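Sequences and hints are given; from them, build the entire structure.
Chains as they are written, first to last, in the working numbering: chain A, 13 to 353; chain B, 13 to 353; chain C, 13 to 353; chain D, 13 to 353.
Please keep in mind that the hints were generated in silico from the structure rather than gathered at the bench.
Do not take every clue at face value.
Any copy will do: because identical chains look the same in the list, a pair fits if it lies in one copy or spans two.
[Unchecked claim] Cut-off 25 Å, straight-line C-alpha distance, at most; resulting in silico cross-link-like pairs (SDA-like, lysine to any residue):
| # | residue 1 | residue 2 |
| --- | --- | --- |
| 1 | LYS325 | TRP178 |
| 2 | LYS325 | GLY290 |
| 3 | LYS179 | ALA86 |
| 4 | LYS325 | ARG127 |
| 5 | LYS325 | ARG310 |
| 6 | LYS55 | TYR43 |
| 7 | LYS342 | GLN39 |
Please read all numbers here as calculations on a predicted model, not as lab measurements.
There are 4 protein chains.
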Amino acid sequence: MLSFVNDYSEGAHPAILDALVRTNYQQEPGYGDDAFCTSAREKIRLACGDPTADVFFLAGGTQTNQVVIDTMLAPYEGVVACETGHVAQHEAGAIEYTGHKVLTLPQHEGKMCARELDDFVATFFADGNHDHMVFPGMVYISHPTEYGTLYTLAELEALHEVCARWKLPLFMDGARLGYGLVTPGTDVTLEDVTRLTDVFYIGGTKVGALLGEAVVFPRSGMPAHFLTMVKQHGALLAKGRVVGVQFDTLFTDELYTSIARNAIACADVLRAAFAERGYTFLVENPTNQILVVLENQRLAELEQQVAVSFWEKVDDTHTAVRFATSWATKMEDVEALIELL
Amino acid sequence: MLSFVNDYSEGAHPAILDALVRTNYQQEPGYGDDAFCTSAREKIRLACGDPTADVFFLAGGTQTNQVVIDTMLAPYEGVVACETGHVAQHEAGAIEYTGHKVLTLPQHEGKMCARELDDFVATFFADGNHDHMVFPGMVYISHPTEYGTLYTLAELEALHEVCARWKLPLFMDGARLGYGLVTPGTDVTLEDVTRLTDVFYIGGTKVGALLGEAVVFPRSGMPAHFLTMVKQHGALLAKGRVVGVQFDTLFTDELYTSIARNAIACADVLRAAFAERGYTFLVENPTNQILVVLENQRLAELEQQVAVSFWEKVDDTHTAVRFATSWATKMEDVEALIELL
Amino acid sequence: MLSFVNDYSEGAHPAILDALVRTNYQQEPGYGDDAFCTSAREKIRLACGDPTADVFFLAGGTQTNQVVIDTMLAPYEGVVACETGHVAQHEAGAIEYTGHKVLTLPQHEGKMCARELDDFVATFFADGNHDHMVFPGMVYISHPTEYGTLYTLAELEALHEVCARWKLPLFMDGARLGYGLVTPGTDVTLEDVTRLTDVFYIGGTKVGALLGEAVVFPRSGMPAHFLTMVKQHGALLAKGRVVGVQFDTLFTDELYTSIARNAIACADVLRAAFAERGYTFLVENPTNQILVVLENQRLAELEQQVAVSFWEKVDDTHTAVRFATSWATKMEDVEALIELL
Amino acid sequence: MLSFVNDYSEGAHPAILDALVRTNYQQEPGYGDDAFCTSAREKIRLACGDPTADVFFLAGGTQTNQVVIDTMLAPYEGVVACETGHVAQHEAGAIEYTGHKVLTLPQHEGKMCARELDDFVATFFADGNHDHMVFPGMVYISHPTEYGTLYTLAELEALHEVCARWKLPLFMDGARLGYGLVTPGTDVTLEDVTRLTDVFYIGGTKVGALLGEAVVFPRSGMPAHFLTMVKQHGALLAKGRVVGVQFDTLFTDELYTSIARNAIACADVLRAAFAERGYTFLVENPTNQILVVLENQRLAELEQQVAVSFWEKVDDTHTAVRFATSWATKMEDVEALIELL
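In C-alpha cells:
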C-alpha cells in the first residue's frame, strides 16, 4: 500500500533525531532559554537576512495562527483572509475563540488579490457606520496557499504596499514555506518574505520536524510580553529545547531547503505523469500537493492500492483528491504510483 | 557545575528516543489516529484499571489545565483550587483567558481540605445572591502538589465524596504524577486516582518524555467533541504520533514508574543529607522537589557550584530554594552535592 | 427639516412615559423580580399563545443577539446567518467576541433559503474533516430582515423543518418584529413565531419603548442559569422594572401592534408615492424601511430638507438611502415629504 | 410594610421623568450623538473641572466595570482589587469572562491600602518568574466601598501616587459616588476624583436615574475606538438619549448632589438611632448603607414590618443586614422604622 495522504505521515528527518539523541543529556533551562533555541534563532536570523528579527518557537500551525493573530490585533480588529484561508475554514474557529472575526475576501487559486484587499479596506473606512463594524486589523496569507499555489514576488510586493499604506501588518502562514521556497520558477526568497511581511512562520511540522514552527517577527517586531501571552494561550513549551534542537538542525547546512527539494522533485515527476495521462487538475500548482479530479469509480479502484486525501466533491460522479509528497517521499514510491495510473 | 534546577532540564529517557527512531518511517494518520496513540491509550487504560477510560494526548501542563477546565465547565462556572494551585498562580491567567474564574481555598502544605471545600460550596449555595456570583463548577488539585506533598488515600476519598455530593468533577493535575505514585509510603495508586477523579493527567514532560501529557477521563467521561475543542484551542498536534510513541514506550514494561523511582531514590538520599546537617525545610515533602531555606550568604556560595531554583524570599536574610531530582538525575551528582553541603 | 432617518429618533410612546410616571414610587425588587416584569411576562406569554414560554428582558438588540447566541451554542459551534445578517455585519464582532463564528449563507432579499441551509449543514456533516471545522449550532434570521422584507409562513415552516431535523435551534431577531406582524398581507402571527422558533425577541427600542427587548424562549426553553450568564455579560439591569413597565404597557390593549400600524400606514403612503413617481427601490419590501436609489445630485437637493440614512453606494452616480417610518411618524410629515418628491 | 432593601427600589427622580416627557418628540441621532448627551457631557466636564475629560454613557454598573477594565488592560494584565471588590465577588465573573484575572488584595473596611498595593506590585516585578504570571495592569477601587466606607483625600492621593509610579491606571467604581461626595466630613470632591483617577464613573442607577452610568476619562484618556468596543460588548444603546437626558437633568442645578443629600440625611438619623439603642454595626460607615448585626430572632420579628437586605451570617445566632436609604427615602419612613427599633 502506497501513501500520499499528506506531508506529516512520518516522524522526522533522521538528522533531527540524531541531534535529539546527541544533545539529550545536556542540561538546559526551560521555556526557550536554552542554548539550542538561541543558536537556532541566530541561524534563522542569518537565513532571513535580518539580524534584528525576533524568533519564537511554537508547536503547531493552528496554535501559531491563533497566538500571532490574537496578540497582534487590537480588540476591535479582525484579520482579513481569503475565504479558503486555513484560519477561515479548517481551524475549528480558533481565531474566533480569541474574540476576533475572520474577514474574508475572494480567493484566486487560493491567493488574495492586492487590489481587492485595497478596495475592501477603502470601502470599510468610507462607510459612515464603520465604527459599528469589525475593523480590518491585519492580513493573513499562506505561502504556499491551501491550494498549493505560490505568490509571485510582484504579488507579494503589491500586498505589502497595500498593507503598509493602511498600516495593516501582513502575516504569512508558512506551514509549508520550505516547499514554496525551493519550487523551481519561484522568484520569492526567504529574504523577500522577511522584507515584505511583518510576521511569518517557517513551518517545521510539515517540513521534516517532529513538531514545531519558527515564528519570525522581522525588524524586532515581536509584541511586548509575547512569552507571557504564549503562556496564557497554553502554548509555551517547558522543554523549549525540543523545538530548538530541531530548528537548529534544519538551519544547519541548509537542511531545511535541501529536504524540501525532495518533495518538489517527487511532485514534479508525479505531476508530469498525471498531465501526460490526461488527468484533470482541480487547481494547477507547482508545489508538493497535487489536486486531481478523478471519476469516482476510478478513485475507488486506486484507493485499493494508494492512500490519498479527500479534497472535495466535484460533482455526482467526480471527486477531487490530494496526492502529497514530502521530505520523506521516496522516488520509488512515486514510480510505483505512476505505474498504477 | 551541578544542576538541580528542575525536572525538565534534559531531553527524554533514551528508550523514548529509541522508539522515535525505530518508528520514524512508519506512515501513520495524523491527529492522534495513529497506531502508537492507539496502543498507548490501550496500555494506559490497562494501567488505570478502567477499560472504558477515554485518553487524549496533549503537549504540556498549562495547555492541559486550560483545555480540560474550559471544556468541562459550564460558562457560568469557575474552578475551585488552592490559592497555591498552579492554575491560580503560575499560568499567566490561562484559565481566566478562557472566561472562567479560579475560586481559591486555603492550602495546607499545598493540599485542599475536603471539609473546607464542602463549607465553601455549601456557603455558596446558601447565599441568596449566589446567582450573581461565579458557580463552583469543578475542583482542581495537583498530586504531587506544588509543594511536592501528596494526598493520602483517605484525603482523596474525602475530596471525592464532597465532589460527588455536589456533582463537581474532580480534576487532578498530574504533571508529576509518576513521582507521586512511586514515593515510598504513599497509599495512592493509579487505580485509586482513576476511581476517585473525573479527569486527571499523567505527566510526560516532567517524567521522562520530550513533551506530552496523557489526559485520562475515567468511565468514558470525555466531553463530546473534545477533539474539535482541542483544535479550537490550538492544542491539536498534527503528528499526534510524537506523543503517542512516547507514552506507548512509557507504559511498556512499567518504564513510567521505574524511571520515576530514580528521582525519588535520589531525592531521599539528598533529603536525608539536608536533615542530618540541620537544614530547615520550607515544607517537608516526600517527593522529588526539596524545598530548603538557606541563609542568603550560604546560598550565594552554593550557587557557585550548583544551579537551583529560587522559590521564595523567606525574610531579609533567608531564601527558600528548590532542589529537584528527576528520572535523569545521577546518584553521583547527588553525592557530589552532598559533599558541598 | 423633516427626518426619516430611523425608527429610534424619538423617546417613547406617551403611554409608556405615563406608566413610568404612574409606577415611579412603587418599591420593587431589582433584577427583574418586580411586579411589572412579572405582569409583562404573563401578558407576553398570552400574546404568544404559550403559557410555558420563558421571557427575559434585555436592553438592546446587539446585546440580545450576543447573549442569546453565546448561551445557546456549545463552545465548538457557530451560528448560521445570512451574509447580510445584523450579527454578521453590523455588531462590531459582538458574536466573535464571545468566541463563536458566524457561518454565512447567501441572502435572498435579506432572507435565508431553507434548502440552502439544509445543503450547508448536510455538506458540513458529510465532510470527513468536519471535526476540524466550526459546527453549525443554531440558525439566526431576522424578521423583518435587514432589507425590511418578511418571511412567509411557508418559508418559516421550511426553515423550522430543516432546523428541527438537524436539531439546530432557530433564533429570530425581532428588533422590528412589531412592524412585521402588522404588515398587510403577512401570514405570520406571533403565535406562529412562537411555534416555529426556539428563541426570538420582541423588539422594544425600535417599536416605541425607551429601550428594551423581550426575549421569548418558547416551551420553557431558556438555558439553565440564564440570569447568571446575563449578569456575566454585563447585561443584567438592576432596575429591571424600567423595561418591565414598558413591555407591560406595550402588551396592554394591544398597544404594541397598534402603534406599529402607524409606521406601516405611513410607509405605505410614502412607498406608493415613490412608485407613482417612478423611483427605483433597491429592494422592494412591505415594512417600515423604504430603500430608494437616488441620483446623487437629486439626493443632495433632497437632503437640504429631509434627513435620511445612507444605505449603500450603488454606482458612481447613484446612492441607495433609507426612509424609515416609526410608531412616532406623523402622516403630515409623510405628506410634506411627498410634496418634495 | 417599610422597605430599606436597597437604593434602587423606585423609578427615577421626578425631574428626570419630567425631562423625558418634555424632550420626548425631539428627533435626535442615535448612539450618543444626540443633543442631550452632548449637553450632559459638557455639564459633567464642568462639574469635574476638566474641560478635556471624555465622557461616555453606559447602562449599568457591572457592564461599566466590564467594559472599562477590558478596554484598558493589555491582554496579559489583570485588575487589582480588594477581595471584597464588587468585581471580585458579585459580578458573576464578568471580568474573567473578558479574559482577565482579578488580582485581590486584603481589604480594610472595604478599602485598599496604598502600601499593600505597592508591596504587591513590587513583589510581582521582583519575582524572576513574573512573566509566567498575570501582570497587574490597573487598580480598581469603589467609593463609597462595598461596605459604605469612604477614602480620605490622603488615602486617595497615596493610591494615586503608587499607581502613577507603577504606571497603573486607577479606576474608581462610583456606582454610589453621589452619596460619597455629599457625606458630611468627606474631604474628597469630584474635582479630586477627576485629578486622582484615570477613569471613574458617576453612578446614575442608584442615585436617582432610571438607569445609566457616566464614565469619565479625565485628561482625554478614553481608549481609541471605545465606541466600537462598547458595541462589541453589546453595551451601546441605540437611544443614547435615554441616558443623556437623565444625566443632563442630574447635572442641572446640582440635582445630583442635592438628591444624594436626602439619602445621607436619612441615614444619619437612622444610624444615630441604632447607636443610641446599642445596636452593633458590622462595619461603621458614614454613607447610605447601614450594616447592622442582629440577633436572628430579633431580625425575624423586624422583617415582619421592614424589608432589608441579608448581608452575611455572622455566627449561628446573629446575622448582618443592610438598611439602605436613597434619594427617594422619606424621613417619615425613617421615623417609622426608628419607632420599631
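Verification of the supplied hints:
{"no.": "1", "hint": "LYS325 with TRP178", "in the structure": "between (38 Å within a copy, 22 Å between copies)"}
{"no.": "2", "hint": "LYS325 with GLY290", "in the structure": "within (20 Å within a copy, 47 Å between copies)"}
{"no.": "3", "hint": "LYS179 with ALA86", "in the structure": "both (13 Å within a copy, 20 Å between copies)"}
{"no.": "4", "hint": "LYS325 with ARG127", "in the structure": "between (31 Å within a copy, 19 Å between copies)"}
{"no.": "5", "hint": "LYS325 with ARG310", "in the structure": "within (14 Å within a copy, 50 Å between copies)"}
{"no.": "6", "hint": "LYS55 with TYR43", "in the structure": "within (19 Å within a copy, 30 Å between copies)"}
{"no.": "7", "hint": "LYS342 with GLN39", "in the structure": "between (37 Å within a copy, 12 Å between copies)"}
Against the hints set out earlier in the document, no violation occurs for any number.
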